[in-house]
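As they're listed, the protein sequences go chains A and B.
So that you can map any letter, position 38 of the first sequence is 38 in this note's numbering, and since no number is skipped, the others follow by simple counting.
So that you can map any letter, position 135 of the second sequence is 135 in this note's numbering, and since no number is skipped, the others follow by simple counting.
These are computed hints drawn from the structure, not numbers from a lab.
Derived lysine-lysine pairs resembling DSBU-like cross-links, with alpha carbons at most 35 Å apart:
(1) Lys154(B) to Lys111(B)
(2) Lys101(B) to Lys111(B)
(3) Lys111(A) to Lys61(B)
(4) Lys154(B) to Lys61(A)
(5) Lys61(B) to Lys154(B)
(6) Lys61(B) to Lys101(A)
(7) Lys61(A) to Lys111(A)
(8) Lys158(A) to Lys111(A)
(9) Lys158(A) to Lys61(B)
(10) Lys61(B) to Lys158(B)
(11) Lys154(A) to Lys61(A)
(12) Lys154(A) to Lys101(A)
(13) Lys158(B) to Lys101(B)
(14) Lys111(A) to Lys101(A)
(15) Lys158(A) to Lys101(A)
(16) Lys61(A) to Lys158(A)
(17) Lys154(A) to Lys61(B)
(18) Lys111(B) to Lys158(B)
(19) Lys111(B) to Lys61(A)
(20) Lys154(B) to Lys101(B)
(21) Lys101(B) to Lys61(A)
(22) Lys158(B) to Lys61(A)
(23) Lys61(B) to Lys61(A)
(24) Lys61(B) to Lys111(B)
(25) Lys154(A) to Lys111(A)
If the Cβ cut is set under 7 Å, some of the chain B residues that face chain A in the computed set are:
(26) Gln47
(27) Gln48
(28) Val58
(29) Val60
(30) Lys61
(31) Gly168
(32) Phe170
(33) Asp187
Because the structure is a prediction, the values reported are computed rather than measured.
Just so it is clear, CB atoms sit at the ideal spot from N, CA and C, and this is done for glycine as well.
2 protein chains.
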Amino acid sequence: MASLTFWFEFASTYSYPAAHRIEALAAAAGVEVIWRPFQLGPLLHAQQGMTDSPFNVVPVKGTYMWRDMHRVCGELGLPLQAPSRFPRNGFHAARIVLADKTPGWAATFTKAVYAANFAGDLEISEPEVLHGLISALGADPDTVLALANSDTTKAELKANTAEAAERGLFGSPSFTTPDGELFWGNDRLEQAIAWAAQTQSR
Amino acid sequence: MASLTFWFEFASTYSYPAAHRIEALAAAAGVEVIWRPFQLGPLLHAQQGMTDSPFNVVPVKGTYMWRDMHRVCGELGLPLQAPSRFPRNGFHAARIVLADKTPGWAATFTKAVYAANFAGDLEISEPEVLHGLISALGADPDTVLALANSDTTKAELKANTAEAAERGLFGSPSFTTPDGELFWGNDRLEQAIAWAAQTQSR
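Extracted from the complex, chain A is given alone in its bound form:
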């Protein structure tokens, strides 16, 4: 089956609509989605010397982004509330995505975290919030959180971030295909899926 890797950082705004859209679009094209959280912060620091979101570092971009996000989410009927704190640290949440290997967990939990941050204005870096999100999805928070804090999971997230850098990523969402093609941005999701589907059929 054709596959597409979806690289995402929880602090990223445009990754929220991308996470919302990717499953239906990929399924319609017969493409399997591989969900891979990574940490964008280290890449922004290494590549651009940034220690904050580009949307905070360059305010005129931030103003535009929030207006554009309202338009983008509005068209999708996706609730959006600009969070009272931005960006929020998503590394705990990223580890939880990786902790549970049950099919469907990564997609379900990822969408819940994005909604919590960008529609619910919840502090996704706090253990209590994450505990509640895991619980609401019917999983056992203590078990999942223990796995999330294991050395194996920590190493997996670090490896994802290192591989993201090696593959030339510089933002989220990004998409890569098995033949090495890179696409950046919610706007490129359709093209990325089409590329993945075509590559498989060649």
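Following the hints, complete the assembly by docking chain B onto the known chain A.
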């Protein structure tokens, strides 16, 4: 008639496919296009402290952009050759856009300059190249160049750049509607046109 203002800087890569696409899309939606060249350099410097293209300042973004441009232009059947010098200074060309007020001149000359830079690898900052482009379009180079160097035209380009900054622009291509909405990027062209058409019909 509904209208959309198209803001562009000649050094901008993604403005090349946008300039190629905008007329047909706007005509189909009954939207008039107002072509307004501006200088992005002063905005990048004031907003981000940059003195070079972001695609040179952040090489990982540049590598991605050229690959993406090949995909974008490939889909459009638009010739693309990464120029041997990037970015090229487009302020002379921008003045020439403004110099001749004949209907259609701005669109025709603008497309010729983008093609010269990004398909023909010509040095669009050089008077001889610009002379040739004007001549090829059937206009009189000496007359047009004299107008381009007039105080009126110089002031008009400066005013465009100042207004671009006031409107919150930070990149090219950008699009603004009469009700003050801002859209950034070739990817937003369709939405910008739809917005302009809807605003008019309200």
